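*Asks:* The residues making up each chain are set out below.
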Amino acid sequence: MNIIVCVKQVPDTTEVRLDPVTGTLIRDGVPSIINPDDKAGLEAALRFKDQCGAHVTVLSMGPMQADVALREALAMGADDAVLVSDRAFGGADTWATSSTLAAAIQKLPYDLIITGRQAIDGDTAQVGPQIAEHLGLPHVSYAEDLRLEDGSVVVRRQFEDRVHVIRVKLPCLVTALSELNQPRYMTPGGIFDAFRKKQVAVWTRPDLDISDDNIGLQGSPTRVFKSFPKSPKAAGTVEKLDPREGAKAIVQKLAEKHII
Amino acid sequence: MSNADYQGVFVFVQQVDGKTAGVAFELLGKAHELAQARQTQVTAVLLGYRVSGLADGLIAAGADRVLVLDRPELEVYMTEPYTWAMARVIREYKPEIVLTPATAIGRDLAPRVSSRVHTGLTADCTGLEIQEETGNLLMTRPAFGGNIMATILCPEHRPQMATVRPGVMHRLPADTSRQGEVVMLDWDVPPETRNVEILEVAKAVSEAVDIQDAKVLVSGGRGMGGPENFKLLEQLAEVLGGTVAASRAAVDAGWIAKDRQVGQTGKTVRPNLYIACGISGAIQHLAGMEESGMIVAINKDETAPIFGVADYGIVGDALQIVPALIEELKAYKKQ
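In order, the protein sequence lines correspond to chains A and B.
By the numbering used here, the letter at position 219 of the first sequence is numbered 219, and the numbering carries on one by one without gaps.
Position in the second sequence counted from 1, then plus 1000, gives you the numbering used here.
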């Protein structure tokens, strides 16, 4: 059985700031990690490896620095790693990102593809389902539990107020929630292997069979028009009222804001 | 096909167990405003089984037309049958804008649909407006945990698709005299769309309280005077469908459990409504709640820092104002 886990390297914080002068993200001094939902997806794949000897390939698209995230995945126990990296893929929105990753996946054997539900820097939750669509596979998102069952995966799919237990035949794609499991640590032997024995394959533009219309900025239907820091809260009103009048005034404000 | 061939604002109406989700009305309210700016109409797309009775409510909430696909295959949400239906609606009706709620259903459906019809999708929007010069949709969303806002355009592809965060847009007052058209679609759902099997549907039982999940938090501090007065906060939370939280002072005093603590050493919360009762607002507390949608503060001390982040503040004794507030809310609900 072959499992591909898509991982994204993200800044280890949700407290990223914009440079007030250039308007670009300040990434200096912010360490990078494997996106938490993706790491839970990797752990799920590694457990299948422990159970039934699945072959686990980790796949990432990003700059060359993402090599570190893939080495970490190797040190946790992944068998192979592929980094899709080329300037031609830069500036991609979720449509172009998912097209590119789908083109990379088509070069690999797979029965199950696992992605995280969403990345902490973008929060879109789009790339997983979009990869499945590009590959013509069924997907189940928001997995809080998954197990293999003769040629199928059974997924506990989370909604706001309920879960669906869904059986889906392989090949398919599942998006993982970080509450799926507690990812294992890298082992010393694993770290040694990840940096000395194993390789991260780097695939560039010519390695993928995909049209220029579907990659990078050119292949992205959406454009960032502008980005800006969240405006600080404007000061509200403060009034000194007797208890009954104060209570009435609060109810009125809540009604105005459609909260009640 | 050019952009001009795509017209109208469409809303995917989320319904679960045959009930329209509240966020659908919020999206219709926003769609109504966008449609006016574009001088076009609002279409609600209602998928499900035995759901046609919901159409009138959608018209009252701002839809000019409701497309209903009423099929047993659509009774419970499944990705592929719903994707198939939405993609067919888009191909046949060619909307300019499609809004979907940013819920666990909408965030599953919309990416799949946008890929299938090859257009862009902006996630979790909190602001939507029409760019005057171009007529394009400006879609604003928070990124990086909400510290940065980004405005996204989808200039060359149609429809322009967005998922919209629940609780942000405003619904119109329901107007049952509004007129609208109900179109019953006669499409059969292809059997091959049933590519997964639902083995079990389990409603979540209420688990341990997590103040981070609460939409409404009623939070108490030292000004509540003692543990017995937290009962008042529980009553207030009950009327508002919320949960009780606390400042560090109240937790350290042993008035309430540590898992209710908001702030730097407690939890960071972002409910739609945060009512701070007898909380002065130490910087560590503010850091844990200042991103809340609406903040109401009640405190005796008019110089309390909590008033600096409050949308609305009342200077007074929480022990007197909270009981009055419970009564006024109950009276308001009866109206």
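These aren't lab readings, by the way, just hints derived from the structure by calculation.
Remember, predicted model here, so these are calculated numbers, not experimental data.
Some hints could be false.
[To be verified] Derived lysine-lysine pairs resembling DSS-like cross-links, with alpha carbons at most 25 Å apart:
#1 B:K1300 x A:K248
#2 A:K253 x B:K1330
#3 B:K1334 x A:K248
#4 B:K1019 x B:K1258
#5 B:K1094 x B:K1231
#6 A:K240 x B:K1019
#7 A:K248 x B:K1330
#8 B:K1231 x A:K248
#9 A:K248 x B:K1333
#10 A:K253 x B:K1203
#11 A:K248 x B:K1215
#12 A:K253 x B:K1019
#13 A:K257 x B:K1094
#14 B:K1330 x A:K257
#15 B:K1215 x A:K230
#16 A:K240 x B:K1267
#17 A:K253 x B:K1300
#18 A:K169 x B:K1215
#19 B:K1333 x A:K230
#20 A:K248 x A:K107
*Asks:* Decide, hint by hint, whether the structure agrees.
*Replies:* Hint-by-hint comparison with the structure:
With a C-alpha separation of about 18 Å, the suggested pair K1300 of chain B and K248 of chain A falls inside the 25 Å cut-off, and the hint holds. Taken as a hint, the K253 of chain A and K1330 of chain B pair is honoured in the structure, with Cα atoms around 15 Å apart against an allowance of 25 Å. A distance of roughly 15 Å separates the Cα atoms of K1334 of chain B and K248 of chain A; the hinted pair therefore holds under the 25 Å criterion. At most 25 Å may separate the alpha-carbon atoms for a hinted pair to count; K1019 of chain B and K1258 of chain B exceed this at roughly 37 Å.
Annotation: proposed proximity of K1094 of chain B to K1231 of chain B is violated, straight-line Cα distance about 55 Å (limit 25 Å). Using a Cα cut-off of 25 Å, the hinted pair K240 of chain A and K1019 of chain B is violated, with the two alpha carbons roughly 42 Å apart. For the suggested pair K248 of chain A and K1330 of chain B, the alpha carbons sit about 11 Å apart, so the restraint of at most 25 Å is met. For the suggested pair K1231 of chain B and K248 of chain A, the alpha carbons sit about 21 Å apart, so the restraint of at most 25 Å is met.
Restraint check for K248 of chain A and K1333 of chain B: the C-alpha separation of about 13 Å stays at or below 25 Å, so the hint holds. For the hint pairing K253 of chain A with K1203 of chain B, the CA-to-CA distance comes to about 34 Å; that exceeds 25 Å, so the pair is violated. Pair hint K248 of chain A plus K1215 of chain B holds up; C-alpha atoms about 22 Å apart against a cutoff of 25 Å. A distance of roughly 28 Å separates the Cα atoms of K253 of chain A and K1019 of chain B; the hinted pair therefore is violated under the 25 Å criterion.
For the hint linking K257 of chain A to K1094 of chain B, the alpha-carbon distance of about 34 Å lies beyond 25 Å, and the restraint is violated. At roughly 18 Å between alpha-carbon atoms, K1330 of chain B and K257 of chain A fall within 25 Å of each other, so this suggested pair holds. At roughly 21 Å between alpha-carbon atoms, K1215 of chain B and K230 of chain A fall within 25 Å of each other, so this suggested pair holds. Only pairs whose Cα atoms come within 25 Å are accepted, and K240 of chain A paired with K1267 of chain B is rejected, the gap being roughly 30 Å.
Restraint check: the Cα-Cα separation between K253 of chain A and K1300 of chain B comes to about 20 Å, which is no more than 25 Å; the hinted pair holds. Under the criterion of a C-alpha separation no larger than 25 Å, the hint pairing K169 of chain A with K1215 of chain B is inconsistent with the structure, at around 37 Å. For the proposed pair K1333 of chain B and K230 of chain A, the alpha carbon gap of about 34 Å is over 25 Å, so the pair is violated. Between K248 of chain A and K107 of chain A, the direct Cα distance comes to roughly 65 Å. Violation of the 25 Å bound is thereby established for this hinted pair.
Hints 4, 5, 6, 10, 12, 13, 16, 18, 19, 20 from the earlier list are contradicted by this structure; the remaining hints agree with it.
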